[in-house]
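Construct the complete structure from the given sequences, taking the supplied hints into account.
Quick mapping for you: the protein sequence lines, in order, are chains C and B.
Residue numbers for the first sequence follow my numbering, beginning at 7 and rising by one.
Residue numbers for the second sequence follow my numbering, beginning at 7 and rising by one.
Just so you know, these hints were derived from the structure itself, not from any lab.
Yeah, the Cβ is synthetic: ideal placement off N, Cα and C, and Gly gets one too.
Among the clues, some could well be false.
[As the list claims (entries may be wrong)] Beyond 10 Å from chain B on every Cβ pair, some chain C residues (computed):
| id | residue |
| --- | --- |
| 1 | Lys41 |
| 2 | His56 |
| 3 | Lys144 |
| 4 | Ser151 |
| 5 | Ile199 |
[Stated by the list, open to error] Below are the DSS-like pairs computed for lysine-lysine, each with C-alpha atoms no more than 30 Å apart in a straight line:
| id | chain 1 | residue 1 | chain 2 | residue 2 |
| --- | --- | --- | --- | --- |
| 6 | B | Lys41 | B | Lys18 |
| 7 | C | Lys91 | B | Lys183 |
| 8 | C | Lys27 | B | Lys60 |
| 9 | B | Lys183 | C | Lys27 |
| 10 | C | Lys41 | B | Lys60 |
| 11 | B | Lys85 | B | Lys74 |
| 12 | B | Lys198 | C | Lys91 |
| 13 | B | Lys74 | C | Lys60 |
| 14 | B | Lys23 | B | Lys44 |
| 15 | B | Lys24 | C | Lys60 |
| 16 | C | Lys183 | B | Lys198 |
| 17 | B | Lys74 | B | Lys18 |
| 18 | B | Lys44 | C | Lys183 |
| 19 | B | Lys85 | C | Lys60 |
| 20 | B | Lys183 | C | Lys23 |
| 21 | C | Lys60 | B | Lys183 |
| 22 | B | Lys18 | C | Lys74 |
| 23 | B | Lys144 | C | Lys183 |
| 24 | C | Lys183 | B | Lys60 |
| 25 | C | Lys198 | B | Lys24 |
There are 2 protein chains.
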Amino acid sequence: MSYENYHHENLKAELIKKGLKLLDEEGYENFSLRKVAKACSVSHTAPYRHFDSKDDLIMAIAIEAHHKFNQCLEEAVNKYPNDNKSQLKEMGYSYVKFFIENPEYLRLFFLSDFADNLKKMNHETCINEEQPFNTFYKAIERCQSEHQNGEGDSVDPNALALSCWGLVHGMAILIAKRDFSYAGDYLELVRKILWSGTFLNL
Amino acid sequence: MSYENYHHENLKAELIKKGLKLLDEEGYENFSLRKVAKACSVSHTAPYRHFDSKDDLIMAIAIEAHHKFNQCLEEAVNKYPNDNKSQLKEMGYSYVKFFIENPEYLRLFFLSDFADNLKKMNHETCINEEQPFNTFYKAIERCQSEHQNGEGDSVDPNALALSCWGLVHGMAILIAKRDFSYAGDYLELVRKILWSGTFLNL
DNA sequence: ATTATCATGTTAACACTGCAAACATAATTC
DNA sequence: GAATTATGTTTGCAGTGTTAACATGATAAT
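Structural data, given as structure tokens:
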């Protein structure tokens, strides 16, 4: 009993898809609801049947993008099923690579106003998405416990997590935004840093 | 022969000042030329006598903010006139502290579209501002040369610079944007990380 | 000194934006 | 079959960046 084209079959999904594309192509500042609507061949207020506001649509787009990101990180983990340290290094590498390949996601993930809203919302609704970095965080925790077993010296777990995460996060941003200029292959440089023996005490 | 109030004495400076304040108070997304103009008690097109566009004004504001930032970093350097490593650590600390205290500058510095424009512009005009991180970068170079003298092992200078800068940059962003949640004193944690003996091979 | 020019402001108008209200019609429920 | 819901359109408003036409204070040229 398929009603092909009720009005638009599945406008909500298409808005997200075309929105993500628009964001990629024209940048965050040039993103507009009306353009997305036009891309879907629909009136400029139609999106309001599916999203409360512009930020609401952007949030949906961001969640979609987060899925890609999480998938990317999980693939890295699966490469080394039994080696926590290698997992973390590979994830750090994928982390940087992801934002080099999708620089527009940086703004989408971290620096739009909605980012705060996303945090609030998820507290109430979908806990799954609350920490898009769950995978990353867990790997750090695993390394922490492993490391603490090894020696008596108490390494502050928070310090380890922050420095670990901060390093890849910072490198990703510096490279993606081209604030750090380097003649060679950036990803190779990152790989060298992460795989060096002294990387963050690991 | 001072003509107090030709029309406005020094509107350009006031636009930058009030603009910076507006940016601080209402955030990047809520910043508008018309609000700045109103804050200066002037018509909404008056800014166009001093700035080509909205981005042009924002850029001027950003340069102003960069001055504050550079000053902050230089003060850190001056604390340890003869100790390169301590300089770098203190700068890293100030780096993070600055963005914790001025979170709105994160967007202004790194994630607005204008950031790219700023880079282009400075290539042509004011080279001084091209690298707002000159101070930071130089300190890294000094540490590099010092370290390389010590041992024969060749530490890739680029790797050292990227990991060093990336670490503080990433921590600053994670903390300022509250992506990294921690019960204690963030700055104390950062201090611990930077002053730990194994910090980035230094 | 008068005149022309420049600097700095204002007002009017345009296209674009997010958003709300009133309306239309397909789909679903009772 | 009637009432209700879901999804779309049209209309309208306030706010935005930007341009053009105009006014006038300040400065330079003659």
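Hints versus structure:
For lysine 41 of chain C, the requirement that its beta carbon stay farther than 10 Å from each beta carbon of chain B is met, with the minimum near 16 Å. The Cβ of histidine 56 of chain C sits about 22 Å from the closest Cβ of chain B, beyond the 10 Å cut-off, so the non-interface label holds. Residue placement check: lysine 144 of chain C keeps its beta carbon more than 10 Å from all beta carbons of chain B (closest about 15 Å). Once the 10 Å rule is applied to beta carbons, serine 151 of chain C is consistent with being away from chain B; the minimum gap is 18 Å.
Its closest Cβ contact with chain B, about 5 Å, brings isoleucine 199 of chain C to no more than 10 Å, contrary to its assignment away from the interface. Between lysine 41 of chain B and lysine 18 of chain B the alpha-carbon distance is near 15 Å, which keeps this suggested pair within the 30 Å criterion. Taking the CA atoms of lysine 91 of chain C and lysine 183 of chain B, the gap is near 27 Å; set against the 30 Å cutoff, the hint holds. Pair hint lysine 27 of chain C plus lysine 60 of chain B holds up; C-alpha atoms about 26 Å apart against a cutoff of 30 Å.
A C-alpha spacing of about 26 Å is found between lysine 183 of chain B and lysine 27 of chain C, which places the hinted pair at or below 30 Å, so the restraint holds. The straight-line distance between the Cα atoms of lysine 41 of chain C and lysine 60 of chain B is roughly 22 Å, inside the 30 Å bound, and the hint therefore holds. Taking the CA atoms of lysine 85 of chain B and lysine 74 of chain B, the gap is about 17 Å. The hint holds against a cut of 30 Å. Only pairs whose Cα atoms come within 30 Å are accepted, and lysine 198 of chain B paired with lysine 91 of chain C is accepted, the gap being roughly 22 Å.
Proposed proximity of lysine 74 of chain B and lysine 60 of chain C is contradicted: the alpha carbons are some 34 Å apart, above 30 Å. Under the criterion of a C-alpha separation no larger than 30 Å, the hint pairing lysine 23 of chain B with lysine 44 of chain B is consistent with the structure, at around 13 Å. Proposed proximity of lysine 24 of chain B and lysine 60 of chain C is supported: the alpha carbons are some 28 Å apart, at most 30 Å. Distance check on the hinted pair: lysine 183 of chain C and lysine 198 of chain B sit about 28 Å apart at the alpha-carbon level, within 30 Å; holds.
At roughly 19 Å between alpha-carbon atoms, lysine 74 of chain B and lysine 18 of chain B fall within 30 Å of each other, so this suggested pair holds. Simply put, lysine 44 of chain B and lysine 183 of chain C have alpha-carbon atoms about 34 Å apart, too far for the 30 Å limit, and the pair is violated. Distance check on the hinted pair: lysine 85 of chain B and lysine 60 of chain C sit about 48 Å apart at the alpha-carbon level, beyond 30 Å; violated. Of the supplied pair hints, the one linking lysine 183 of chain B and lysine 23 of chain C holds, its CA atoms being roughly 27 Å apart against a limit of 30 Å.
This hinted pair checks out: lysine 60 of chain C and lysine 183 of chain B have alpha carbons roughly 21 Å apart, not beyond 30 Å. Among the hinted pairs, lysine 18 of chain B with lysine 74 of chain C is inconsistent with the structure: their alpha-carbon atoms are about 45 Å apart, more than 30 Å. Restraint check for lysine 144 of chain B and lysine 183 of chain C: the C-alpha separation of about 20 Å stays at or below 30 Å, so the hint holds. The suggested pairing of lysine 183 of chain C with lysine 60 of chain B holds, with an alpha-carbon distance near 22 Å, which does not exceed 30 Å.
Using a Cα cut-off of 30 Å, the hinted pair lysine 198 of chain C and lysine 24 of chain B is violated, with the two alpha carbons roughly 46 Å apart.
Hints 5, 13, 18, 19, 22 and 25, counting from the list given before, are not met by this structure.
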